[in-house]
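Mind docking chain B on chain A? Use the hints.
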Amino acid sequence: MARSTNFMKTEFPRIHSEWNNIMPAIRPEQRILWVDGVGGYLVCDQSELTVGQAMPGNQVDLPIVGDISRRAAVIRRSEDSYLLQPLQKVSVNGELIDRTVLLRSGDRIQIGERTELKFSKPHPLSASAVMTLLSHHRWQPAVDGVLFLAESCVLGPKLTSHIHCHQWSGEVILFKNRDQLMCRSSLPVEWNGKQILEPIALSDGHRVQGPDFSFCLETSAC
Amino acid sequence: MGMLSGLMRKRPFEDTVDSIHPPTPQGNGMRFAYGNGDQPLSGYTIKRGVGIGGFGEVYFATNEAGKEVAIKRIQRNLEVEIRGVRQCLNLRHPNLIGIYDIRFDDSQQGWIVMEYIAGKSLRDRMDDFPDGMPAEEALDIFGQMAAGVAYLHDHGIVHRDLKPANVFIDGGLIKIGDYGLSKFISSSRRGGQTESVGTFHYMAPEIGKGEYGKEIDVYAMGIILYELLTGNVPFDGESSQEIILKHLTADPDVSVLPIPYADVVRKALAKNPANRFRDIREMLEPLGMRLEPNGMVSRSSVPPIPVSKVPPRVQPVLFQSTEQPKVLNQADIVFGPVKHQAKKGAANAFRPEPMEATVRYREPIARSLQSGWLGFQRWYSQIPENTPWKAVVLVGLVLLVIFNAGLIISAIVMGLMLYVPYYIIWYIVSGSSSSSSTTPVIQPLASSPEAPPIAVRPVAAVQPAAKPAKPRPITFRQWQSAQRHRLMAKPALTKTTELTSGLLASTGCVATLSVLGGLITMANNSMSSPGLMSGAVWTAVMTLIMAWSVLFLSKRWESQEEDRAVFRFKQMAFGILIGAIAYALGQHLVVPWSSIHQPHIIQSTLPKWNGFYDEAGEPMLPAYVAHFAAVMGLVRWWRQADIVRKNRFSFAAVIGALIGEAIVQAIVPISQPWGLILVGATAVTTQISANWINSAKRESEMSSQVTA
Numbered sequence: 001m002a003r004s005t006n007f008m009k010t011e012f013p014r015i016h017s018e019w020n021n022i023m024p025a026i027r028p029e030q031r032i033l034w035v036d037g038v039g040g041y042l043v044c045d046q047s048e049l050t051v052g053q054a055m056p057g058n059q060v061d062l063p064i065v066g067d068i069s070r071r072a073a074v075i076r077r078s079e080d081s082y083l084l085q086p087l088q089k090v091s092v093n094g095e096l097i098d099r100t101v102l103l104r105s106g107d108r109i110q111i112g113e114r115t116e117l118k119f120s121k122p123h124p125l126s127a128s129a130v131m132t133l134l135s136h137h138r139w140q141p142a143v144d145g146v147l148f149l150a151e152s153c154v155l156g157p158k159l160t161s162h163i164h165c166h167q168w169s170g171e172v173i174l175f176k177n178r179d180q181l182m183c184r185s186s187l188p189v190e191w192n193g194k195q196i197l198e199p200i201a202l203s204d205g206h207r208v209q210g211p212d213f214s215f216c217l218e219t220s221a222c
Numbered sequence: 001m002g003m004l005s006g007l008m009r010k011r012p013f014e015d016t017v018d019s020i021h022p023p024t025p026q027g028n029g030m031r032f033a034y035g036n037g038d039q040p041l042s043g044y045t046i047k048r049g050v051g052i053g054g055f056g057e058v059y060f061a062t063n064e065a066g067k068e069v070a071i072k073r074i075q076r077n078l079e080v081e082i083r084g085v086r087q088c089l090n091l092r093h094p095n096l097i098g099i100y101d102i103r104f105d106d107s108q109q110g111w112i113v114m115e116y117i118a119g120k121s122l123r124d125r126m127d128d129f130p131d132g133m134p135a136e137e138a139l140d141i142f143g144q145m146a147a148g149v150a151y152l153h154d155h156g157i158v159h160r161d162l163k164p165a166n167v168f169i170d171g172g173l174i175k176i177g178d179y180g181l182s183k184f185i186s187s188s189r190r191g192g193q194t195e196s197v198g199t200f201h202y203m204a205p206e207i208g209k210g211e212y213g214k215e216i217d218v219y220a221m222g223i224i225l226y227e228l229l230t231g232n233v234p235f236d237g238e239s240s241q242e243i244i245l246k247h248l249t250a251d252p253d254v255s256v257l258p259i260p261y262a263d264v265v266r267k268a269l270a271k272n273p274a275n276r277f278r279d280i281r282e283m284l285e286p287l288g289m290r291l292e293p294n295g296m297v298s299r300s301s302v303p304p305i306p307v308s309k310v311p312p313r314v315q316p317v318l319f320q321s322t323e324q325p326k327v328l329n330q331a332d333i334v335f336g337p338v339k340h341q342a343k344k345g346a347a348n349a350f351r352p353e354p355m356e357a358t359v360r361y362r363e364p365i366a367r368s369l370q371s372g373w374l375g376f377q378r379w380y381s382q383i384p385e386n387t388p389w390k391a392v393v394l395v396g397l398v399l400l401v402i403f404n405a406g407l408i409i410s411a412i413v414m415g416l417m418l419y420v421p422y423y424i425i426w427y428i429v430s431g432s433s434s435s436s437s438t439t440p441v442i443q444p445l446a447s448s449p450e451a452p453p454i455a456v457r458p459v460a461a462v463q464p465a466a467k468p469a470k471p472r473p474i475t476f477r478q479w480q481s482a483q484r485h486r487l488m489a490k491p492a493l494t495k496t497t498e499l500t501s502g503l504l505a506s507t508g509c510v511a512t513l514s515v516l517g518g519l520i521t522m523a524n525n526s527m528s529s530p531g532l533m534s535g536a537v538w539t540a541v542m543t544l545i546m547a548w549s550v551l552f553l554s555k556r557w558e559s560q561e562e563d564r565a566v567f568r569f570k571q572m573a574f575g576i577l578i579g580a581i582a583y584a585l586g587q588h589l590v591v592p593w594s595s596i597h598q599p600h601i602i603q604s605t606l607p608k609w610n611g612f613y614d615e616a617g618e619p620m621l622p623a624y625v626a627h628f629a630a631v632m633g634l635v636r637w638w639r640q641a642d643i644v645r646k647n648r649f650s651f652a653a654v655i656g657a658l659i660g661e662a663i664v665q666a667i668v669p670i671s672q673p674w675g676l677i678l679v680g681a682t683a684v685t686t687q688i689s690a691n692w693i694n695s696a697k698r699e700s701e702m703s704s705q706v707t708a
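If you're matching them up, the sequences are chains A and B in order. To convert, note that position 153 of the first sequence is 153 in the working numbering; the numbers rise steadily by one, no gaps. To convert, note that position 332 of the second sequence is 332 in the working numbering; the numbers rise steadily by one, no gaps.
Keep in mind that the hints were calculated from the coordinates and are not lab data. Remember, it's a predicted structure, so these values are computed and weren't measured experimentally. For glycine and all other residues, C-beta sits at the position ideal for the given N, C-alpha and C. Check the hints yourself; a few may be wrong.
Unchecked claim - To give an idea of the interface, some chain A residues facing chain B are shown, with a C-beta separation under 8 Å as derived from the structure: (1) TRP34; (2) VAL35; (3) GLY37; (4) GLY40; (5) HIS136; (6) ARG138; (7) ASP144; (8) PRO188; (9) GLU190; (10) GLY205; (11) ARG207; (12) SER214; (13) CYS216.
Unchecked claim - Cut-off 27 Å, straight-line C-alpha distance, at most; resulting in silico cross-link-like pairs (BS3-like, lysine-lysine): (14) B:LYS570 with B:LYS646; (15) B:LYS495 with B:LYS570; (16) A:LYS158 with B:LYS120; (17) A:LYS118 with B:LYS120; (18) A:LYS158 with A:LYS176; (19) B:LYS67 with B:LYS120.
Said to hold, decoys possible - Have a look at the derived ranges for each label pair, beta carbon to beta carbon: (20) B:THR494 with A:LYS194: 47 to 53 Å; (21) B:GLY171 with A:ARG99: 30 to 36 Å; (22) A:GLU113 with B:ASN294: 24 to 30 Å.
Bound-form chain A, shown alone (with noise of 0.2 Å):
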């Protein structure tokens, strides 16, 4: 089980982790996709996401509401593949880890004694990578799942849509523009009560419709 890899075997820097708390402001605003009838999943598109423990004035990117560190570990995006750094005790796949590792879809992760997630990345040909708890825990605010976003994403019926909407006719395509995560998809769409052909700018509290779907992006400070 090589999963340690070589080049990543320098420590994370401490120091880094606080600099969240001391500069908030900085932060990127938290945004929520609202699907309805599916789910609702925390989008992240920054490189690095600290995931810790839920509780008043402890700004991690990914709180769980569970019996973990304030800060229980650090994921890393770099192109197309993800690292798994351990603050606290974490296995994977059973596997007790002590330095980074590289994380594959289907991979479960295990912090402290109890909480248990799952990294998937569903898609071939997307970067994007979807998380989800797997154990009796919960995200904080309350979603289904986290989006890591790379480029763009697939809501859709098929399994290897990152969200999976097992109901819906047809695919929906997410991807970022600049700052904007925009939307387009081959199903006509309705965005504010129009018909809209060309891609959308998702933006807070508008509701896009098609025919047999609709989501929402929430988009809070944190």
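Relative to chain A, chain B alone:
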């Protein structure tokens, strides 16, 4: 890929057969009235839509403090629904989704605020196992569900809509939802406005009759147990009609289940509610589980034992009952506590279950005798103690026996002389083979001309199921049975209208036949005979009276399962009346019977029936009465006017009637050929004028009922 096939299979399950609501443009997708950020209900901010169930849209929302809740907008917003939820507002059980509040928005739209479960529904979970779950997990889920249902029952609530889509998995905890609301189904599935919510896969057969006891939850739990273990529901079909039909008539295929489960499922799915488990607790026992005093289910260490005394494949007695279904009045329909119909009904013989439970003989005649005796016993014990009726009945019986002792004894001896050889033959032919249940010829569903009225309104997205559905074709009998079941819902006014039009049609038919008959006689140039004219008039009028009697009776019986003995008897009673009328009419028209054609047979039989004929050989009143009573009792007239008869017109039926007449003629003759003409004409007239559901009309009738 297993998941994918599960999803494909899922569609027919999830299709809500919702006939009133405008068909939503999408197949399965959801359109929610509200989206993220909306605050239809003050204090709650909607995050997203969760699902659209039969009772309204469900949203995930948070209140100002951050409490996460599910809020459900009650679709129809009826008083009855609100009342139903209110009754459940303070029920608390770990296996039930908690209800927090009932609120009304500015437009007086009702909302239910309840516990939010982030987990999957049991439906989703089951779809992960297309071939059934491991028994351990299935038992765990079933046990927890049973605990929740038992808690509801203990509080006088029948869920009425138990199905996997209403059950949620919160971590390892099973939570049942939608209780309290489901009462509403009751007032909708009957009467004119056919409206059904939800899937039919879990609906007990008696729901169609408006019975909503705890037994329907036991039935649904039986279906769910079967589905947990096999991945399939026991009764599946392409259309709602087909599924309902199977609930009514088909036996579940439990051969795929191991022993304790097979018996539990079979007993829980008994067609007659009285044969099911009395309650959920009883259902848990053979599965090796027990309901603890704290309301939770525990697995007892005792290994599962087979259910004892599972009734064999009994005919669905419920639907053979000659009683009209008990129509609940509005007060009963209203959301309500458990109706203890089964228990109350034990004495009033609404259900024949005691009889079924005790009739032991397999030989048909002995069986009917014994059940007749039991029926008499029940009736007798039902007579109030303090009235003189019991004494009257007893004294009457004793007198009857004393005065007719000679006759009775000779009858018994005769009967035994006939019965003993018959029984021996019967035993050799069929009695020795233990399962003599006759399987009717099974016709392929699609090609059969008498196929049931399936796909009346094709369910929104009927897809070819991922798994080829096991062909469980339906026989004509089964179709008839289901059709009769549907006919129960026919309003009395419609029945009356149909009867009137049938009577009118028969009048026209008789007139036509009379003219034709007249033409033939004229062609033969035999008008000279003096009695001919009055004889013809007599025949025409009598044909009309007989046809009307038959039409009237079969209209009354159209929604009942065939009960030959009773039907024959009632027809015979009519026959006595008809005979009396026939005699009076003959006298009035001064038909000179003896001068017309009298077969020689009369001379040979006359000595036997001295009181029936006068010296001239003319039949008198008793002869008429006996003759018509015999003809009416012998021929199965109701079949000729049956609304669900196979063909509109059948020559075989006419010939059968004529043979019956010939037999009667051999014993108690009246003047011929009038008798034969009369019976033949009656057979023709009833078949032509009685209304009939033909294949073209099936469709239109059903759709009109759906849109009504």
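Now for the hints, and whether the structure bears them out:
A distance limit of 8 Å between C-beta atoms decides the matter here; for TRP34 of chain A the minimum to chain B is near 4 Å, and the interface restraint holds. Checking VAL35 of chain A against chain B: minimum C-beta separation of about 7 Å stays under 8 Å; hint holds. Checking GLY37 of chain A against chain B by beta carbon gives a least distance of about 4 Å; that is within 8 Å, so the hint holds. Because the smallest distance between the Cβ of GLY40 of chain A and any Cβ of chain B comes to about 6 Å, under 8 Å, the interface hint for this residue holds.
Interface hint status for HIS136 of chain A: upheld, as the beta-carbon distance to the closest one in chain B is roughly 3 Å, under 8 Å. Annotation: interface hint on ARG138 of chain A holds; nearest CB of chain B at approximately 7 Å, less than 8 Å. Restraint check, ASP144 of chain A versus chain B: the minimum CB separation of about 7 Å is within 8 Å; hint holds. For PRO188 of chain A, the interface hint is violated, since its Cβ never comes within 8 Å of a Cβ in chain B; the closest pair sits about 11 Å apart.
A least Cβ separation of about 10 Å between GLU190 of chain A and chain B goes past the 8 Å threshold, and the interface hint is therefore violated. Here the hint on GLY205 of chain A is kept, as its CB sits about 5 Å from the closest CB of chain B, short of 8 Å. The closest approach between the C-beta of ARG207 of chain A and any C-beta of chain B is roughly 4 Å, which is under the 8 Å cut-off, so the hint is satisfied. Taking 8 Å as the C-beta contact cut-off toward chain B, the hint placing SER214 of chain A at the interface holds, the least distance being around 6 Å.
Of the supplied interface hints, the one on CYS216 of chain A holds, with its beta-carbon coming within about 4 Å of a beta-carbon of chain B, less than 8 Å. With a CA separation close to 23 Å, the supplied pair LYS570 of chain B and LYS646 of chain B stays within the 27 Å bound. Between the alpha carbons of LYS495 of chain B and LYS570 of chain B the distance comes to roughly 20 Å, so the proposed pair stays at or under 27 Å and holds. Restraint check for LYS158 of chain A and LYS120 of chain B: the C-alpha separation of about 18 Å stays at or below 27 Å, so the hint holds.
Annotation: proposed proximity of LYS118 of chain A to LYS120 of chain B holds, straight-line Cα distance about 16 Å (limit 27 Å). At most 27 Å may separate the alpha-carbon atoms for a hinted pair to count; LYS158 of chain A and LYS176 of chain A meet this at roughly 22 Å. This hinted pair checks out: LYS67 of chain B and LYS120 of chain B have alpha carbons roughly 20 Å apart, not beyond 27 Å. Restraint check, THR494 of chain B to LYS194 of chain A: a C-beta distance of roughly 50 Å satisfies the suggested window 47 to 53 Å.
Between GLY171 of chain B and ARG99 of chain A the beta carbons are some 32 Å apart, a value that agrees with the proposed interval 30 to 36 Å. The given range of 24 to 30 Å is respected by GLU113 of chain A and ASN294 of chain B, whose C-beta atoms sit roughly 28 Å from each other.
Taken one by one, the earlier hints fail for this structure at numbers 8, 9, listed in ascending order.
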